[in-house]
Each structure stands twice: as C-alpha cells, then as structure tokens.
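J.: Sequence:
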Amino acid sequence: MTRRFFIKFLSALGLSFMLPKKIKANPLKDADFQMIILTDSQCVDYNVFKRTADMAVRHFPNADIATVIGDLVDNGEAEYQWRAWRNAARKLLKDRIFLPVMGNHECYNHDWLNYIPTHYLKQFDFPDNDTDFQGYFYSFDYFNVHFLIINTQMYELEDLVPDLFKAQEDWLYNDSTKLPWKIVLMHKDIYDYGQDKIDYVGEKFMDLFDDLDVDLVLTGHLHTYRRRKPFKQHKPLYILCGVSGDQRYTEPERSVDAVSATPLDNYMILEANSQILRIRCYDVEGNMIDDVSLNK
Numbered sequence: 007m008t009r010r011f012f013i014k015f016l017s018a019l020g021l022s023f024m025l026p027k028k029i030k031a032n033p034l035k036d037a038d039f040q041m042i043i044l045t046d047s048q049c050v051d052y053n054v055f056k057r058t059a060d061m062a063v064r065h066f067p068n069a070d071i072a073t074v075i076g077d078l079v080d081n082g083e084a085e086y087q088w089r090a091w092r093n094a095a096r097k098l099l100k101d102r103i104f105l106p107v108m109g110n111h112e113c114y115n116h117d118w119l120n121y122i123p124t125h126y127l128k129q130f131d132f133p134d135n136d137t138d139f140q141g142y143f144y145s146f147d148y149f150n151v152h153f154l155i156i157n158t159q160m161y162e163l164e165d166l167v168p169d170l171f172k173a174q175e176d177w178l179y180n181d182s183t184k185l186p187w188k189i190v191l192m193h194k195d196i197y198d199y200g201q202d203k204i205d206y207v208g209e210k211f212m213d214l215f216d217d218l219d220v221d222l223v224l225t226g227h228l229h230t231y232r233r234r235k236p237f238k239q240h241k242p243l244y245i246l247c248g249v250s251g252d253q254r255y256t257e258p259e260r261s262v263d264a265v266s267a268t269p270l271d272n273y274m275i276l277e278a279n280s281q282i283l284r285i286r287c288y289d290v291e292g293n294m295i296d297d298v299s300l301n302k
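In the working numbering, the protein residues as written are 7 to 302.
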C-alpha cells in the first residue's frame, strides 16, 4: 500500500491523518552545537512529555546536548514517576549529554512535604562543584558556552539544607571561565505575574548575574512561554521556557513581556558560535513561536 493510497483510505473512513511537519531549520551558520531545551516535564500521563521530547528529537536529530529545567517529575520521592520519566525521555537521553536542573517538585515526599531530594540526586552523575552541595548546582562547559545550573529551591530546603543560597553565591563568585557565553539554567522564574513585580528569586539572583556578566537566563516553573523585554538595569536576556508536561497554568500578560504564548506543549532549540547565540521556541506541531539572537 503506497503512502498516498493509505492516506486516501483513512480519509474514506472519516479518519484524519497528519503528516509530520518538516521544519525549515535554517541553522545558525557555523554553529558549534544544537541544544534541546524543555522544562516542567512533570505529568499525570508521561506520554504527553514523551510526545514533546520525541518531536524535539525528530525535528532536531543532530542536537547533541539537552536539558529539562526543573520539575522533571511531579513527586520527587515517587520512584514510579522516575521510571515513567526515564521511559518517556528515552530518545531524548540517547547519545546526548543531559544537564538536569532541580525543581521544587524534586523536593517533595509522598506526603507533599518538603524533603531532601535524594531520589533526584541519585538519578544523574553531576560534575563536581567542590562544595558540600554536590548535585544541587554545578557548571558545565560545552564548546563556546559556560552553563551555570542554579538551584532556586531556597524556600523548600531552608530548614533541610541550611545556607544553600550563601554556598551557591560564594561558589558563583569563585567559578570562572574564559568562554565567550554564559548561560544560566534555573527552575524558578524571576517574575511574580500575580503581583506584577520581580519576585524573591529575582531579588536574590539578578544583581548577581549582572556581576557575573551572564548573557542568557532560562527559567521554568510558571508553565508558559515568555521572552522578556530588556530590563534597563539588568544585562541578561530572560526567557521563561514554557512547559513540556501535562500540567498547564495561565499567567496574565504583563508589560515586561516581549513575546508570550498561552500554555502549550513546546520545546526550544539553542545554537551558538563564538559571536551569536540563537534561541528558537517551537510547539509540538512544528510551528515556531519565537526566534531571537544575541550578538557579541
């Protein structure tokens, strides 16, 4: 049976059939790498995350590094959820470097109380950060990019892991690189949409990122996509990366947003060379939501 006949056959039965959309990738010239970026993969049904991750891999099979920016699972102590997540992420993890980011849901136990994220910490091999907080935060160099993986769970862990922020702040000021780009990956966002102002995470970190000459900050947690307008007093570009699981929230649009998208399954692609960082956002059908570049 030919493909065309098969589609006509389905149509005759009243069934629909959608061919996978071919994305016009228009890759960055002389890009050193492509990176798949997802966030908030927590699910009731991890087939939703699997679909998003699989479509990212299908559309960008040459991406050689990936991340999920926190809340990988809905309950960090539930081992069955980690099994479901790994099964859903099988194609994403295959032959790729994976940079995990801790979210607040990794810090809950079966009773939904704050707890030390032991299950998250045993899932991955983390680079050594020369502190007592192994796996909580770390840095990683890849071609022209120095990645800073930040922990924003100060509220959940304040009674369990004292001095997390202070240890992280000291570590950041001692972390060094000669690479041209610095990119932060952290779960909680810097903006409180309900009160339309910078929230406590932003108050903790934004001045610090200015001191460190960070170029790009990628966050999650709010389950929607927003690219912010430049903050007058802050250097980095801030992007809230959306959602790749089945938990969807709605946030009001605010004047700080240059681009916004209602909750939908999405992923992002990052490319870099020594002079340009390019970030694109796609929904699972292959429609491009946003495309922005930073230049040195």
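These are computed hints drawn from the structure, not numbers from a lab.
Even glycine gets a Cβ: it sits at the ideal position worked out from N, Cα and C.
Be aware that one or more of the hints could be misleading.
[Unchecked claim] For lysine-lysine, the following BS3-like pairs were computed, each having C-alpha atoms within a straight-line distance of at most 30 Å: (1) K184 x K210; (2) K203 x K238; (3) K203 x K184; (4) K100 x K35; (5) K235 x K203; (6) K172 x K35; (7) K128 x K97; (8) K172 x K241; (9) K210 x K188; (10) K100 x K172.
[Claimed, not checked] Just the calculated beta-carbon pair ranges, DEER-fashion: (11) R57 x K302: 18 to 28 Å; (12) S182 x I103: 34 to 44 Å; (13) S261 x M294: 33 to 43 Å; (14) N293 x S182: 37 to 47 Å; (15) D198 x D117: 20 to 30 Å; (16) R96 x S280: 29 to 39 Å; (17) L185 x K238: 21 to 31 Å; (18) N93 x H116: 15 to 25 Å; (19) F237 x Y179: 13 to 23 Å; (20) K238 x F130: 32 to 42 Å; (21) K172 x N293: 41 to 51 Å.
J.: Each hint: holds or not?
T.: Evaluated hints:
1. K184 x K210: The hint holds at about 25 Å.
2. K203 x K238: Holds, because 14 Å separates the two Cα atoms, which is no more than 30 Å.
3. K203 x K184: Not satisfied, since the Cα-Cα distance of roughly 34 Å exceeds 30 Å.
4. K100 x K35: holds (26 Å)
5. K235 x K203: Holds, because 14 Å separates the two Cα atoms, which is no more than 30 Å.
6. K172 x K35: violated (40 Å)
7. K128 x K97: holds (21 Å)
8. K172 x K241: Holds, at about 22 Å.
9. K210 x K188: holds (18 Å)
10. K100 x K172: violated (36 Å)
11. R57 x K302: 18 to 28 Å: The hint (18 to 28 Å, Cβ to Cβ) is violated, given that R57 and K302 are roughly 36 Å apart.
12. S182 x I103: 34 to 44 Å: Violated, since S182 and I103 (Cβ atoms, about 21 Å apart) do not stay within the stated range.
13. S261 x M294: 33 to 43 Å: violated (24 Å)
14. N293 x S182: 37 to 47 Å: holds (40 Å)
15. D198 x D117: 20 to 30 Å: 27 Å Cβ-Cβ, so the 20 to 30 Å window holds.
16. R96 x S280: 29 to 39 Å: Because 33 Å falls inside the window, the suggested range holds.
17. L185 x K238: 21 to 31 Å: For K238 against L185, whose Cβ atoms are near 27 Å apart, the range 21 to 31 Å holds.
18. N93 x H116: 15 to 25 Å: This hint holds: roughly 21 Å between Cβ atoms.
19. F237 x Y179: 13 to 23 Å: Given range 13 to 23 Å: holds, Cβ gap about 21 Å.
20. K238 x F130: 32 to 42 Å: holds (38 Å)
21. K172 x N293: 41 to 51 Å: Because 43 Å falls inside the window, the suggested range holds.
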